[in-house]
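**Student:** Chains as they are written, first to last, in the numbering used here: chain A, 148 to 488; chain B, 148 to 488.
Think of the hints as simulated: they come from the structure by calculation, not from any bench. Do not rely on the hints blindly, as some may be mistaken.
In this list, chains with the same sequence are indistinguishable; a pair is considered to hold if it fits within one copy or across any two.
To be verified - Heads up, simulated DSS-like pairs for lysine-lysine below, C-alpha to C-alpha not over 30 angstroms straight-line:
#1 K282 <-> K398
#2 K170 <-> K467
#3 K386 <-> K398
#4 K301 <-> K170
#5 K386 <-> K170
#6 K386 <-> K282
#7 K411 <-> K309
#8 K170 <-> K282
#9 K309 <-> K282
#10 K282 <-> K301
Number of protein chains: 2
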Amino acid sequence: MAEILADIGEFGLIDRIHELLRKESVQTPALTLGIGDDTASFLPHAGYEILVTCDCILEGRHYLPQHITPLELGRRAMVLNISDIGAMGGTPLYALVSLGLRADTPVSDVEAMYRGFAAELNPFGASIIGGNLTKSEGNPFIDITLIGEVEHGKTVRRSTAKVGDAILVTGYPGQSAAGLQLLLHVKRMEDLHDHPLVRAYNTPSHRAREGRAIAQSGYVTAMIDTSDGFLGDLGHICKESAVGAELIREKLPISEDLRQAAQKLGQDPYDLVLKDSDDYELIITCSPDHVDQICSAVSALSDVSVTEVGRITDVARQIKLILPNGTRSEIIPAGWDHFTA
Amino acid sequence: MAEILADIGEFGLIDRIHELLRKESVQTPALTLGIGDDTASFLPHAGYEILVTCDCILEGRHYLPQHITPLELGRRAMVLNISDIGAMGGTPLYALVSLGLRADTPVSDVEAMYRGFAAELNPFGASIIGGNLTKSEGNPFIDITLIGEVEHGKTVRRSTAKVGDAILVTGYPGQSAAGLQLLLHVKRMEDLHDHPLVRAYNTPSHRAREGRAIAQSGYVTAMIDTSDGFLGDLGHICKESAVGAELIREKLPISEDLRQAAQKLGQDPYDLVLKDSDDYELIITCSPDHVDQICSAVSALSDVSVTEVGRITDVARQIKLILPNGTRSEIIPAGWDHFTA
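Okay, chain A solo, but in the shape it has when bound:
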């Protein structure tokens, strides 16, 4: 019988996690007090703002336990928080992990999850400094608060896009949505776990390094990650910046994988690109004169593509799609809504 949480208890689990992190996670010199007291504490760097974000994923709602390993799940939960720090132009520093777990969860699954967290944090020299463990009879959840830093006054916001700005996007939004659709609808017995689109759903990449480089370039006017889907998040930029947007449909980046999957699923590939999808790409706005500088900032450190897909307009909150024949159709930025969906 595999050892389960009920065998070792909350304090036993805390000791095990503490021990695992001591061995497998980086040590951060500015941390003055880690796991094991009423709070953790750290000394912030002079001249920096502290960034804080919080994202929760729930079994059945944000992930499908039968298709994802605990290690992948840990990576995924951390990636979506790292993505938020990167979209502000910052660097991750410290995480607090709050878990709701069933008492019959194997201890090794929880340890694998923490290895996933550490795998994503270690490259940044970031570490887990606290959290909470709760027994849950319902769906397990992973709630992470991630703390980062950015030079004072250098946050890149979603509220500062300017009329006439170019709209850029990293990578290929919609990959994650296509992966989820494959998992849900492809009935034939085939192992989808290693399909590139399923990997994009289970273990998406963040663009935090790219976001930081874009921010440091000084040429970005607004930035957001695509956690609510491309249209949903472009909608957030439009709402907060009181602007509109025009997208040129043929310019939207579509991977060959996504094109094939859309055909298999009988779906419009542009729908997959534009609508709800758990990708963590970046939408970037900048003056049309600075598109090359933004692209260079990214290509200097990674091979992630940056594609110009449209312009910011002065029609507040209206997003239009320009088709090849020149017609413009208004599209509604729905995004993923948790209580009506």
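Since the structure of chain A is already known, use the hints to place chain B on it.
**Tutor:** The following block gives chain B in isolation, referenced to the frame of chain A:
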């Protein structure tokens, strides 16, 4: 029909919460970016460490929805986090609130919860700067990350108690446990909601101001809040400080309410004081020469009692109870364990 979350959706709810907090919560000048972007950001004060804590409460497990109002629930969830910051000698600054809610939750209940959060944060000039909303089909949960600050090098830890130190405790631990027992076992129809012990369970007080004053006095050697029960948390001090403790049973503070409730419930009042109880009192250790200074630091700002109940000993992790006849019996600091309980 009362308006429910499914009627207004996630983004509608975010707008409502944002609006409520704009009107009813304090504004903090060091906050550079609040709710509404990928992250919040703030400028830390020079010369201060940042404190971070995270606590989650789950319906059915940590609170009984039929006995607590949403406003009380909000206050309670925030109090237990404020208590942790206070037990380090710090001051609360910013909260992130992550909620798992059923789609049929009345919007007014969520608003009342946020009023509860704000009611506890406002006196400190602290505010909610972010969070997360998730639809949960299972038990609703409230997961709060609270950020505070303390002068650099001035955290009061649980790992620094010294052999020979006096052990002090604020208020009356066990009140909350007694309140819960009344709710669970008193079958006669009577309105218990306003019973002092039930109030201690539903809306416990924190001792954050007292904790801060104790820390500022400079005389405390170790401190912890009693969120795992008096014995559980004294056990944490003993484990982390590699010391033991002797408690004089007759000195343990027992309120008249608790004595009466224990009689009604047929329980030993000392059991209620010592074992699992969701109070947020403070256990303090200091040199026996400094007990008066600690008491004065507290009495200068509140009428919360401080009682000396025993001594720190050199027998690592052993806690003994001294009875009136002089016999010493070893007691095991069980505390509330989430996966075995």
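**Student:** All hints, please: hold or fail.
**Tutor:** Hint check results:
1. Neither within a single protomer nor between protomers do K282 and K398 lie at most 30 angstroms apart by alpha-carbon distance, with minima of 48 angstroms and 35 angstroms respectively.
2. For a Cα distance limit of 30 angstroms, the shortest separation of K170 from K467 qualifies neither inside one copy, at 52 angstroms, nor across copies, at 35 angstroms.
3. Taking the closest pair of Cα atoms, K386 and K398 come within 30 angstroms of each other only inside a single copy of the chain (23 angstroms); across copies the shortest separation is 62 angstroms, beyond that limit.
4. Only between protomers do K301 and K170 lie at most 30 angstroms apart by alpha-carbon distance; the minimum there is 28 angstroms, versus 34 angstroms within a single protomer.
5. With identical chains, the CA atoms of K386 and K170 are at most 30 angstroms apart between copies only, with a shortest distance of 21 angstroms across copies and 45 angstroms within one.
6. Proximity of K386 to K282 under the C-alpha cut-off of 30 angstroms is restricted to the inter-copy arrangement: shortest distance 24 angstroms between copies versus 39 angstroms within a copy.
7. In the homo-oligomer, the alpha carbons of K411 and K309 never lie at most 30 angstroms apart, since the shortest distance is 39 angstroms inside one protomer and 70 angstroms across protomers.
8. Proximity of K170 and K282 under a CA criterion of 30 angstroms is satisfied intra-copy only: 26 angstroms inside one chain copy versus 36 angstroms between copies.
9. For the identical chains of this complex, K309 and K282 are neighbours neither inside a copy (48 angstroms) nor across copies (34 angstroms), given an alpha-carbon limit of 30 angstroms.
10. In this homomeric assembly, K282 and K301 never come within 30 angstroms of each other (Cα to Cα): the closest approach is 40 angstroms inside a single copy and 34 angstroms across copies.
Checked against the numbered hints above, the structure breaks hints 1, 2, 7, 9 and 10 and satisfies the rest.
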